[in-house]
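2 protein chains.
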Amino acid sequence: MFSTKAEYGVRVMVHLAREAGDDAGDGPVPISLGSIADAEGLPLAYLEHLVRRLRNAELVESRRGAHGGYSLARPPAQITMAEVVEALEGEIAPIECITADSEGALVCAREGEAPCPTKLLWTRVQGSIVRTLSEMTLADLILPLPHRVPAPLSPPKETLTA
Amino acid sequence: MFSTKAEYGVRVMVHLAREAGDDAGDGPVPISLGSIADAEGLPLAYLEHLVRRLRNAELVESRRGAHGGYSLARPPAQITMAEVVEALEGEIAPIECITADSEGALVCAREGEAPCPTKLLWTRVQGSIVRTLSEMTLADLILPLPHRVPAPLSPPKETLTA
DNA sequence: TGCGTATCCTAGCTCCGAGGTAGGTATTCG
DNA sequence: CGAATACCTACCTCGGAGCTAGGATACGCA
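Residue numbers (my numbering), protein chains in the order written: chain A, 1024 to 1185; chain B, 1024 to 1185.
Derived by calculation from the structure, the hints in this document are not laboratory data.
All figures in this text were calculated on a predicted structure; none of them were measured in a lab.
Be aware that a few hints might be false.
Since the list gives no way to pick one copy over another, a pair counts as held whenever it fits inside one copy or between any two copies.
Stated by the list, open to error - Below, simulated DMTMM-like cross-link-like pairs (lysine to aspartate or glutamate); rule was C-alpha separation at most 20 Å, straight line:
(1) Lys1142 / Glu1071
(2) Lys1142 / Glu1158
(3) Lys1142 / Glu1081
(4) Lys1142 / Glu1063
(5) Lys1142 / Glu1084
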């Protein structure tokens, strides 16, 4: 479904949000990737690749050199998880057929031919994923909130164990 | 995200639902996989693998021999897309960490250790996917319904083009 | 000024699963 | 019987996930 890119990357973002050093006049104190890799038990060299994507998406900022590191580019509440996952995984589409045009409308690739009969299904799935990710921000993840929202997630009745 | 297994398999199911021969006293007239492969432009040998999963999940029934083939095991309205996708793809989980226990509750693997800080996120995504799939049945896909439901899927404002 | 610590960049490596092929056997109809 | 079909097992190939390696560049500090 999602790869470890999303998992690791989200963990990095959460780590940055939690450990955010106080802003010392000159921007927030950056956190080195090494310390994050250590704390999370993830391979540093691999995280470097992931964090690059986050930087390209302007979700984190970096300071090079000694005592350098990364910090969030915006307050956690202004970073949606859709942005984060998108930056890490690329465009979110349940199957190839569904993609998004320049205006954000969902379209079926192979337009012109017979549109895939199952378009409706994948469109809905895509929509529900993107909506769910868009509704959450980094701020929602920095605290271990047990029951923050009243009843947003009714646990699926049948989870369909294979 | 989802593989072609889901795509092809769903198309087979839709095809079966659409072409469903009249019940001729002795159960519905089965449709050969070959004709489906032809009509959909998909490789027959590969479909055989997929349809096996559908059969194991008791979503289709088969008749062997000449004039044999497959037919739906239940009326389309009683087959949820969650069942279909689950049969084809295996358990639906956005990342490894999230799985479902015997009672259908969502749990984080590596329980006991520090639970993944991002559990809340993946749990919600999983929930929204499963819910969406569970709310649709095969019957919803057999007609090209342009706007059947009033406003179930508000198109995501930003589709986040990479 | 030079050393240590970081980010940055490019290249490559390995392994596994997706996606498909091949070829056989069993079953049923005409 | 023989054609058509489902059923089963084994195999192949290729691309991407998930790393690793090694350097170049930038910054802080003694």
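Comparing the hints with the structure gives:
1. Taking the shortest Cα distances, Lys1142 and Glu1071 never come within 20 Å of each other, neither inside one copy (37 Å) nor across copies (23 Å).
2. In the homo-oligomer, the alpha carbons of Lys1142 and Glu1158 lie at most 20 Å apart only across protomers (16 Å), although the nearest pairing inside one protomer, at 24 Å, exceeds that limit.
3. Within a single copy, Lys1142 and Glu1081 get their C-alpha atoms no closer than 33 Å, and across copies no closer than 24 Å, so neither meets the 20 Å cut-off.
4. In this homomeric assembly, Lys1142 and Glu1063 come within 20 Å of each other (Cα to Cα) only across copies, at 14 Å, whereas the closest approach inside a single copy is 39 Å.
5. Neither within a single protomer nor between protomers do Lys1142 and Glu1084 lie at most 20 Å apart by alpha-carbon distance, with minima of 39 Å and 25 Å respectively.
Of the numbered hints stated above, those contradicted by the structure are hints 1, 3, 5, listed in ascending order.
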